[in-house]
Amino acid sequence: MLTLLERLSSSDVFDFHGGIHPPEFKSLSNHKPIGKLPMAPFLVVPLRQHLGELGEVLVKAGEKVLKGQPLSRPMSVMGVPVHAPTSGTVVAVENRPLTHASGLWDMAVVIEPDGQNQWGEKHPVANPFEADPAALLKAVKAAGLAGMGGAGFPTAVKLGGGRPIEALVVNAAECEPYITSDDCLLREEPENVVAGARLMARIVGARMVVIGIEDNKPEAISALEGVIESLDDVSMKVVPTKYPSGAERQLIKLLTGDEVPAGAIPADLGLVVQNVGTAYAAYRALVLGEPLIRRVVTITGQQVKKPGNYWLPIGTPISHALTECGFKPEKKQRLIIGGPMMGFTLNDPAAPVTKTVNCLLLPSTKELKPAGREMSCIRCGECADVCPAELLPQQLYWYAKAEDHEKLDEYKLSACIECGACAYVCPSEIPLVQYYRVAKADIRSAQEEKRKSDKARERFEARNDRLERDKAEREARHQEATERRKAAMASRSEDAAPASDAVAAALARVKAQKDTEVAKAQQAAQAGAHLEKGELVPDNSDMAALREERKRQAREKKAQLAAQQDAEPSADSSNAPAADVKKAAVAAAIARAKAKKEAAAPAEDTGDASPQDAKKAAVAAAIARAKAKKAAQAQGAEGGQADTSQVELSPVASEPAASAATAAEPPATSEPVDPKKAAVAAAIARAKAKKAAQAPGAEGGQAQANQAEPSSAASEPAVSAATDAEPPAASEPVDPKKAAVAAAIARAKAKKAAQAQGVEGGHADANQAEPSPATGEQEPASPASSAPAAAQPSASEPAAPDAKAAAASPAPSEADRKKAAIAAAIAKAKAKKQAQEGQD
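In my numbering, the protein residues as written are 536 to 1375.
Because the hints were derived from the structure by calculation, they are not lab data. Nothing false has been slipped in among the hints.
With a straight-line cut-off of 25 Å between C-alpha atoms, the simulated SDA-like cross-links for lysine to any residue are:
(1) Lys-936 / Arg-972
(2) Lys-561 / Ala-906
(3) Lys-561 / Glu-783
Okay, the calculated beta carbon distance ranges per label pair:
(4) Glu-1052 / Asp-1101: 55 to 63 Å
(5) Asn-662 / Asp-1005: 55 to 63 Å
(6) Asp-793 / Thr-880: 33 to 41 Å
Predicted, not measured: the structure shown is a model, and the values here were computed from it. Cβ coordinates follow ideal geometry from the N, Cα and C atoms, glycine included.
Just need the whole structure built from these sequences, with the hints factored in.
Okay, structure coming up:
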């Protein structure tokens, strides 16, 4: 079996599975040499133009830069620096649109060219073909080289893999339709391309360089043959034109007949593949010391007036390049970065040219038909026939739509090179490559999350292990220190036994001394004295106990006084003002008016009264008579036998006065009185009044007393009405004078009511006033009808005229009230004595 080098050196060309032959359209741009365009007014240099991380910015706005000056510095192994494509001034360092299918923005340095195109300091490698490979690799990294075929993988990383490499392959197939940048570069710079490839082979330690090129580039093939015929370590193989022969894995299969396994890289077979443009940039960097600041870009399509290949500085806005080439957009014009098979549509032409942009395609609608409506898969199998990776695209399509990552991994989605051959032949116009790209992105995201999770778990477990180790070590140290302390204490105790005995004895003496002092203090306390500053002080405990007893007695006395104050009526009630006489008069007038109404009520109402109400009325009437009699005796002068007919006031005359008094003075408020006590007191007063009235025995006294005493049936309604109309007594005691006036009025009303009802003798006047049924008020009686009623005096009630006169007279003075009180007391005593004599 032939070795790898033998197969590479032979003229045998192998084949790969599938492939297609789309229209090439290469003649639009490869018919003339590489041209140059005017410098753009502003250059936008993105800091990330490679497959890797963003670098650190080294410049700032307003700073002058020279051509080839570094603008950024890589921060990781996958980092690649960027350089100023010309001299000028940094206008801004800001986010600008990326030349990417996502349309995202990223950090970029905006430079305004000064037109001088002044180079900065260059750092070429001295005698590069004999220099150390490490120095060459360092120079390649400093120059900012990245894969210029479209992937953008850092060249220094690819060359510095550290694996044994037998051959370096230069990919000159350029199988994508429309693209001719590598073809034209090989035509014009074949020596430099070969030189750069040989320098990269020296870096990786390869023994030979193999150039793979398609047979549709005869000019480039001729140019290369003239260069390599004198070189023993460089060979060229021409392969048939078939898409995608320019793919890395497919080209290796064409040149060697070996397939790169899924999940492996060409370095596993001892091969490294580099692009034509990358080889030329390596030559410029290692031999001339120039960084990667420009590249050849194919600008083609039927919508461009001047299609061709142009040297464009990195950072040139695409819109500027299209304008200089005479681009005239049509309706729904598409701008494609790359070729029609593996390229992507760019929406913003303000994006700049980067290291990976090899073609700007602007086709017409007739030239490149837009994608049609996606239809259902018919399982024709044509996609599987043309797949160069020998996959099952239709199965991958189903699993991609279902987001079944396990099945996608099982069907080797990672081996898909996204060439687009399956979508090109699909009769249902299904964008299969788009589904595969989305699925790959999802899988990468899931893998990244898993990687972070695993890393976090590993950190957590490592932390727990570290804490356990630290804890074990700490415990071991503590145990060791404890053992050392125990050993030291044991050795010290053996050496210092006498000293410790002396210390213990001293401590015992101190303790005994303290115990003695405590005992003495206790004895002094028991003897009734205590020590203060070494002196005896008298014991004042007895005086303190006496003071506490006095305080207790004072508190008890204070509590008793407070209780008495709560039980006794307020001080204001004992000192009734002079206006209380008027209040009593008003109350008596109200009682008389109610008694008058009750007397005027029908007789049947009186007959229906309950016995209990009759008893109450009789008791109230007796109390009123006793009080009236005492008041009359107090007020009577020497002419006490005056004719009662001249003094007695008629009810008609007294009612206006009572009404006026009622309007002038409001009723007094009172506290509630115990009903039982009031009933008992009324009964006692009534009995005493009866006995006193029966004792005198004047002429016809018994008859007059019977005539004057109202019956229970007649007097009870009036008395009850007076009792109900009387306002409740105030909290203070009632003045005797007021009570006398009120009793006189009540007795007169009772008498009047008895006469009206015609009880015991029928002396009542038929013309006496009766209440009106409509208004409930009593009309005044005529003088003729009232005269007989007034002319019937009662021997048992000699003080009624005086009481009525007193009610009509002005309020008495303070001396009169005192006299009345004394007279009432004397009358009460006399009545009691008379009652006793009558019983004897």
